[in-house]
Amino acid sequence: MGGPMAPPAPGGPQGGQQQPPQSPQSGDWAVSPPVVPQHEQQQPPGPPPFQGQGPGQGQGPGPQQPPHPYQQQGPGDPGQQMQQGAPEMQQGVPAGSWVAVIAPDREYFAAMMDRSGPEAGNLNLPAYSPEQQLPLSGNQVTIGRRRHSTGEAPDIDLARTPEDPGVSHQHAVLVQQPDGSWSVVDQDSTNGTTINGAEDPIQPFVPVPLKSGDRVHVGAWTTITLHLA
1 MGGPMAPPAP
11 GGPQGGQQQP
21 PQSPQSGDWA
31 VSPPVVPQHE
41 QQQPPGPPPF
51 QGQGPGQGQG
61 PGPQQPPHPY
71 QQQGPGDPGQ
81 QMQQGAPEMQ
91 QGVPAGSWVA
101 VIAPDREYFA
111 AMMDRSGPEA
121 GNLNLPAYSP
131 EQQLPLSGNQ
141 VTIGRRRHST
151 GEAPDIDLAR
161 TPEDPGVSHQ
171 HAVLVQQPDG
181 SWSVVDQDST
191 NGTTINGAED
201 PIQPFVPVPL
211 KSGDRVHVGA
221 WTTITLHLA
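Oh and the sequence shown: position 204 is 204 in UniProt numbering, straight run, nothing missing.
By construction, these hints were calculated from the structure, which means they are not laboratory data. Glycine is no exception: its CB is placed at the ideal position from the N, C-alpha and C atoms. Check before you lean on any hint, since a few could be wrong.
Claimed, not checked - Taking CB as the label site, the calculated pair distances span:
hint	residue 1	residue 2	range
1	Tyr128	Asn196	17 to 27 Å
2	Gly121	Pro178	24 to 34 Å
3	Lys211	Asn122	17 to 27 Å
4	Arg160	His227	18 to 28 Å
5	Pro178	Ala95	17 to 27 Å
6	Gly117	Pro162	15 to 25 Å
7	Ser212	Glu107	18 to 28 Å
8	Glu131	Asn196	13 to 23 Å
9	Gly180	Pro118	40 to 50 Å
10	Ser212	Pro130	14 to 24 Å
Using the sequences plus the hints, can you model the full thing?
As C-alpha cells, then:
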C-alpha cells in the first residue's frame with residue numbers, strides 16, 4: 001500500500017459543479033464519459049472514447065504532474081492480494097474491521113451501457129466471476145489496473161481476469177479516516193467514479209465519506225462494496 005496520508009477534511013460533496021471531460025489516462029479506455037449539462041460546459045469534449053489500447057496491455061507512466069493532496073503517490077503493495085470468498089463475509093474477520101467486496105455488477109453495467117455510445121457495443125459482462133474480498137488496512141488502498149510494462153500494481157488490481165477495460169491504471173484510492181471509517185477519492189480517472197448507482201461521478205481529488213454497505217462503481221462493470229464486520 002502507499003504511504004500515510006494527511007487526514008482529509010470532512011467528506012467532500014458528491015454533487016456540485018461538474019468537471020469538464022478529461023483526456024484518458026495513458027492506456028485507458030473511455031467507456032462512459034461523464035454527463036455535463038450544456039450550460040456548465042466550458043471546453044470541448046476530450047478525445048473520442050476508446051482511446052489507447054485494449055485490455056491486458058499497458059504503457060509506461062505518462063507525463064509527471066504536480067502531486068495533489070489526495071493523489072496516489074506510488075504503486076500499491078504488490079504483496080497484498082485480493083482474497084476470493086463466498087457471498088457471505090469471510091470467517092475470522094475481526095469485529096470492527098472493514099472489508100471490500102469486489103464483483104461485476106449487472107445493474108451498473110446496464111446503466112453504463114445506456115449512457116455510452118456505440119463505441120461500448122463490444123463490451124460484455126463477464127459470464128462468471130466470483131466475488132473477491134479484501135480486508136482494508138493501513139492508511140489507503142489503491143484501486144486501478146496493473147501496468148504490464150512496469151509491473152506496478154494497485155492494491156485492488158482490476159487487470160485480473162476478467163479484466164475491466166474501463167478502469168484507469170490509477171483510478172481511485174480508499175482513504176482511512178481518523179475514526180476508522182473510509183472515504184473514496186477519484187484520481188482524475190478517465191471514466192470517473194460513482195457511488196450507490198448515481199449517474200454523476202464524484203469530483204476528482206475530493207474525498208467522499210463511505211458507510212457500511214456503500215457501493216463504489218468503477219470501470220465498465222465493477223462494484224466495490226464496503227462492509228463493516
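Results for each hint:
Between Tyr128 and Asn196, the C-beta spacing of about 25 Å keeps the proposed range 17 to 27 Å intact. Range check, Gly121 to Pro178: about 45 Å between beta-carbon atoms, so the 24 to 34 Å window is missed. With their beta carbons about 36 Å apart, Lys211 and Asn122 fall outside the hinted range of 17 to 27 Å. At roughly 21 Å, the beta carbons of Arg160 and His227 sit within the given window of 18 to 28 Å.
Between Pro178 and Ala95 the C-beta distance comes to about 20 Å, which sits within the given range of 17 to 27 Å. At roughly 22 Å, the beta carbons of Gly117 and Pro162 sit within the given window of 15 to 25 Å. Distance hint check for Ser212 and Glu107: the Cβ-Cβ separation is about 20 Å, which falls inside the suggested range of 18 to 28 Å. Distance hint for Glu131 and Asn196: a CB-CB separation of about 18 Å, consistent with the stated range 13 to 23 Å.
Taking the beta carbon of each, Gly180 and Pro118 are about 45 Å apart, inside 40 to 50 Å as hinted. The given range of 14 to 24 Å is respected by Ser212 and Pro130, whose C-beta atoms sit roughly 22 Å from each other.
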